[in-house]
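Colleague: So you can see what is in the structure, the chains are spelled out below.
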Amino acid sequence: MSGWHFRLRQMPALRVDLRGIVPVALAQLSAAQVGQLPVGHGNEMLALAELFDITPGEEGVLHFEGNLERFDRIGWQMDGGRIRVDGHAGHYAGGCMRGGELRIEGRAGLLAACEMAGGMLTVAGDVGDFAASTLPGSMDGMRGGTFVVHGNAGERFGDRMRRGTALVHGGTGAFLGSRMVAGTIAVGGHVGAHAGYGMRRGSIVFAEAGAALPEGLRTALTFVPNRAATPVFWALLARDLARHGGLFSGLPARRIERHLGDLSADGKGELLICL
Amino acid sequence: MTAAPPLQRNGVVVDETFAEAFPMKATRIVITAHTLEWARHAAVSATGFATSVIACGCEAGIERELSPSETPDGRPGVSVLMFSMSGKELGKQLERRVGQCVLTCPTTAVFAGLPRHAGSDVAALGKNLRFFGDGWQISKVIDGVRYWRVPVMDGEFVAQEDTPVVKAVGGGNLLLLARDTDGALAASEAAVAAMKRLPNVVMPFPGGVVRSGSKVGSRYANLNASTNDAFCPSLVGLVAHSELAGRGAASTEEIGCVMEIVIDGLTEADVAAAMRVGMEAAIAIGPAGGLLRISAGNYGGKLGPFHFHLHKLLGAGDSP
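Each protein sequence line maps, in turn, to chains A and B. When the letters of the first sequence are read in order and numbered with our numbering, they come out as residues 1 to 275. When the letters of the second sequence are read in order and numbered with our numbering, they come out as residues 1 to 320.
One chain only, chain A, in its complex shape (with noise of 0.2 Å):
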């Protein structure tokens, strides 16, 4: 498998989608045969040699740099290989991927991981609204995989997530994990009001030294306290959290307050508060 070095040479006028630009479709392309793949740029196609300096790069890995906050759809239903950015990224950042690793190191845009089912999504800043949620109309959100973002995030963070793993080493928005139906999500910062939701099941770690329940839930009437022990879960989930450094490495030795709901849509998710 090929790899390619794409250099951005001035940012483009619209919007460019870059759907199928994922490194299995380009392992086995000529450079010529590169640079002619064609890329959405406003409503008419672009050869992508128009937008990018093109070289050969590390083997397997897809290499952009440059601004990239026009660029949509940036490993869009890739599922092997390894993409970077060094820089920001658009909208839809690692849409439907379902394996491979995709890494941003600059921020990313709306609906970063949106209906994610495999990999690894890092983003180094911040995301926007609806990361790890669901695309307009459909039913499931991120339901596979691990998505971490060392900055903070939008509102509607993990809208709908179904399954997989997604961290937040900041703050986020308003109504995290709202609807959530299973999964995991663990916020290292502030947290906006209405966390969990609607939530149906699924887990949320409040990492924050001290923290306390998001706003309005003190008073949330469908999120109850819950008494019980659960020492063997939070081992095994503090554990694998704590391989992501940062806040998270400490929570193994935490303990944790755990609060149940949404009571108005099953009341089997969970809201984890490390004490």
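These are computed hints drawn from the structure, not numbers from a lab. All figures in this text were calculated on a predicted structure; none of them were measured in a lab. Quick reminder that beta carbons are idealized off the backbone N, C-alpha and C, glycines included. Not one of these hints is a red herring.
A partial selection of chain A residues facing chain B, derived with a Cβ cut-off under 7 Å:
{"#": "1", "residue": "201"}
{"#": "2", "residue": "228"}
{"#": "3", "residue": "229"}
{"#": "4", "residue": "230"}
{"#": "5", "residue": "232"}
{"#": "6", "residue": "233"}
{"#": "7", "residue": "235"}
{"#": "8", "residue": "236"}
{"#": "9", "residue": "237"}
{"#": "10", "residue": "240"}
{"#": "11", "residue": "268"}
Cut-off 27 Å, straight-line C-alpha distance, at most; resulting in silico cross-link-like pairs (DSSO-like, lysine-lysine):
{"#": "12", "chain 1": "B", "residue 1": "88", "chain 2": "B", "residue 2": "167"}
{"#": "13", "chain 1": "A", "residue 1": "268", "chain 2": "B", "residue 2": "127"}
{"#": "14", "chain 1": "B", "residue 1": "88", "chain 2": "B", "residue 2": "127"}
{"#": "15", "chain 1": "A", "residue 1": "268", "chain 2": "B", "residue 2": "140"}
{"#": "16", "chain 1": "B", "residue 1": "140", "chain 2": "B", "residue 2": "92"}
{"#": "17", "chain 1": "B", "residue 1": "92", "chain 2": "B", "residue 2": "127"}
On the provided structure of chain A, position chain B as indicated by the hints.
Modeller: Just chain B now, kept in the frame of chain A:
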């Protein structure tokens, strides 16, 4: 059995024969609990009445105790090996035993003890036991492994979804022929203690020792095993063929008690290693402690493909 010139070690005669073992299916589970004592309670119960597949469905035993640093949840634990003649039977026994003896035991949790892709087959661990939760059970996938959390009265019972099943070896054995009961027990206990220090093996019988060594078949049609009359001191002179008489060796004439140690292991090498250290420990007891001879049980090579030759295990050719 043969009457070849005897090999002697520390005055103990070692027969030129082999233990005949057969293929089994096995798994390892790790039982953890709030304290080691409760993990032991669960493991002892789960491995109870699991001595021989002749009538127990499976053979199982405690492999060793685990420190908190060795278990998935950081609590003290016990590793258990379970063997059966088929993967299907193993799965059935596992579900019953974990359901009745681990799920019920205070504070326990249960995990697969073999690497995720150790075998091509798996047996259910928490997969079916979860229904005990009556709808309140929840699953959790952590690092690609599914666990089930079943609400119970002390909190929740956590069980990994399934456990790999691997090919294994059952029926490795040693026969320790001693002057009397004290000598046979001393040699057996020393051998079992030495074997227990090795990984991947269990001695499933009570204390690791069998006094009812069996032969295949019976004069009664409904029995598929019966007493090993050739090694029964009480039948010398009565049975047509006794391994304890007619050899002309003084030591053979003195044998008054025979014990067997049965070894199940994950691989042929594991069983061989256990038999070797077991023999060495028994030989160290020697005639002074009452042990006179070591032999092994085989069925002429018809029972299974694994043959553990005692002389080879001891490095035949070495002088005593």
